[in-house]
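Sequences listed follow chains A and B, in order. Using the numbering used here, the letters of the first sequence map in sequence onto residues 21 to 307. Using the numbering used here, the letters of the second sequence map in sequence onto residues 125 to 356.
Hints listed in this document are in silico derivations from the structure and should not be mistaken for laboratory results. On a predicted model such as this, the values are computed, not experimentally measured, just so you know. Don't take every hint at face value.
[Unchecked claim] Listed below are the simulated DSS-like cross-link pairs for lysine-lysine, each with C-alpha atoms no more than 27 Å apart in a straight line:
hint	chain 1	residue 1	chain 2	residue 2
1	A	116	B	207
2	A	116	B	310
3	B	127	A	144
4	A	22	B	193
5	B	127	A	165
6	B	207	A	85
7	A	85	B	310
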Amino acid sequence: MKIEVNQLVKAYGEKRALDGISFAISEPKIYGLLGRNGAGKTTFMEILAGQVPETGGSILVEGKKPFDNQAVISNVCLIKEGGNFKAELKIKQLLKVCSFFYPKWDQQLAEELIQTFSLSLNAKVKTLSKGMESALGITVGLASKAPITVFDEPYIGMDAAARKSFYEILLKEYDKAPRMIIFSTHLIDEAALLFEEVLIFDQGKLVMQEETDRLREETCSVTGTVQQVEAFTAGKKVLMKKQLAGMMTAYVYANEREADACGLQVEGIPIQELMIYLTGHKTEEAL
Amino acid sequence: MGKQVRGLLYLFATDSRRSIITFWIIFLSTMALSLFAAALFNSPNMRMFFWLPMPLYIYCGVFGFIMAKQAIPFSIKIGATRKSIFTTVILFFAGLAVLESLLINCVDILIGNLVSAVKLTSFHVMHPFEQIGPNWLSTVLIDSVVLFFLLTSLFAFGLLFYRYGLIGGGSLSGLVLVFLIIAGGKGWITDFGSFVYRTLSLTTFLYLFGIAIIVYGLSWLLLRRAAISKPV
Numbered sequence: 021m022k023i024e025v026n027q028l029v030k031a032y033g034e035k036r037a038l039d040g041i042s043f044a045i046s047e048p049k050i051y052g053l054l055g056r057n058g059a060g061k062t063t064f065m066e067i068l069a070g071q072v073p074e075t076g077g078s079i080l081v082e083g084k085k086p087f088d089n090q091a092v093i094s095n096v097c098l099i100k101e102g103g104n105f106k107a108e109l110k111i112k113q114l115l116k117v118c119s120f121f122y123p124k125w126d127q128q129l130a131e132e133l134i135q136t137f138s139l140s141l142n143a144k145v146k147t148l149s150k151g152m153e154s155a156l157g158i159t160v161g162l163a164s165k166a167p168i169t170v171f172d173e174p175y176i177g178m179d180a181a182a183r184k185s186f187y188e189i190l191l192k193e194y195d196k197a198p199r200m201i202i203f204s205t206h207l208i209d210e211a212a213l214l215f216e217e218v219l220i221f222d223q224g225k226l227v228m229q230e231e232t233d234r235l236r237e238e239t240c241s242v243t244g245t246v247q248q249v250e251a252f253t254a255g256k257k258v259l260m261k262k263q264l265a266g267m268m269t270a271y272v273y274a275n276e277r278e279a280d281a282c283g284l285q286v287e288g289i290p291i292q293e294l295m296i297y298l299t300g301h302k303t304e305e306a307l
Numbered sequence: 125m126g127k128q129v130r131g132l133l134y135l136f137a138t139d140s141r142r143s144i145i146t147f148w149i150i151f152l153s154t155m156a157l158s159l160f161a162a163a164l165f166n167s168p169n170m171r172m173f174f175w176l177p178m179p180l181y182i183y184c185g186v187f188g189f190i191m192a193k194q195a196i197p198f199s200i201k202i203g204a205t206r207k208s209i210f211t212t213v214i215l216f217f218a219g220l221a222v223l224e225s226l227l228i229n230c231v232d233i234l235i236g237n238l239v240s241a242v243k244l245t246s247f248h249v250m251h252p253f254e255q256i257g258p259n260w261l262s263t264v265l266i267d268s269v270v271l272f273f274l275l276t277s278l279f280a281f282g283l284l285f286y287r288y289g290l291i292g293g294g295s296l297s298g299l300v301l302v303f304l305i306i307a308g309g310k311g312w313i314t315d316f317g318s319f320v321y322r323t324l325s326l327t328t329f330l331y332l333f334g335i336a337i338i339v340y341g342l343s344w345l346l347l348r349r350a351a352i353s354k355p356v
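Isolated chain A (complex conformation) (with noise of 0.2 Å):
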């Protein structure tokens, strides 16, 4: 499945979601979809999966629009953080109506993922827990086996050791039948190493990606004297500075061995810190 944006544009009014954004993305990865609150993610996420239109610009999936498109919506399944399903169901009568839109729907698979999370079938959706309702939104999700799968923040009210559950499940999962998933989160810390690509929006644009070991590679935190640094980030693209008691740190574009060579101590970037700096408008030039 290759997923083709190009200059994605939606407004609401005067405001813009979405402000021009273009990228392609076409493996079977999991990808982070990260940002800030109002970025303008879950607004992309549901242009993907045809629930709104968009305002400018075009997104294709394998070349069609999915807007509207049965073709690309039912290879589409998008878990939002809440309110994915009707109250009104029991969990067994909204995994009957999932089979019928999701071609490759895994109905095993869901059952055992309702035993793993201690759900009933006969539980109606409006009785479950926040927690419990993510957990049912993340077997649908998984259960689809969409090629495009979005989870978009899933496991709100999860506890530490549903969510660590989840991840092995997602991995798991995932290494059976491989598909692209596009996964935002705001506890990035915890779900980092999952990803193998990291998309970045702010206030809707699109201002990172990357692969995740590239971006290891390419980025780092030095630290060393004031003047080490200084001279070892001239001409460098820095996202970060501070400085203490005349010792420095900067969070640099630039390879660690590098860094290593000029006696600088080097440790890798946090995702979560990279995503805090690209989107807090705090790198050099704008400081």
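With the hints as your guide, set chain B onto chain A.
Chain B only, in chain A's frame:
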């Protein structure tokens, strides 16, 4: 599209079951209570009239209106196309109208027989269109058409609120209200009402069915670009 339509029919039927059962429980309980009261105070000086399908007409109108708000977002979220929703809603409404009409007319027969059996002279079951229905089947047909009209037209009205919110829906409601006040003041409504009453026949309900189809067809203009919640 066939599989989506089947899925949506299953969804609508499952989701509506509780509401429909609740209505019938309340309706039948009220009927039973009324019958009991009529039997208790049975006297030649007392008359109790029950316009049998009226509560059902009101229920179906409300059902159609709410359906727009409740069924569309989830159907879109689950991956249904607008065409599938449009097709399924009309099929569901047609089925529901016929089923409800059959039920209400069966209740009519049951109550009629019961009232005769116990010689309950003070209790009268009435039907707003009883003078034109030559037989039971035609009354079923008439009720089906009226219910179908109410379901589809109120669905279209609900869709207007869904797409354009309180401002859009409220503005149209205001315009309709102003028109009704003017029409009432000029006597157009009473003229039209008496004209319809004079010419009321099975053909009238054929026209009503046609109007329902046209109104529902027009609702496609609102549905075809409907999004999950935010106005487009």
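**OP:** Hint by hint, work out which the structure violates, then give me just those numbers in ascending order.
**Re:** 2, 4, 7
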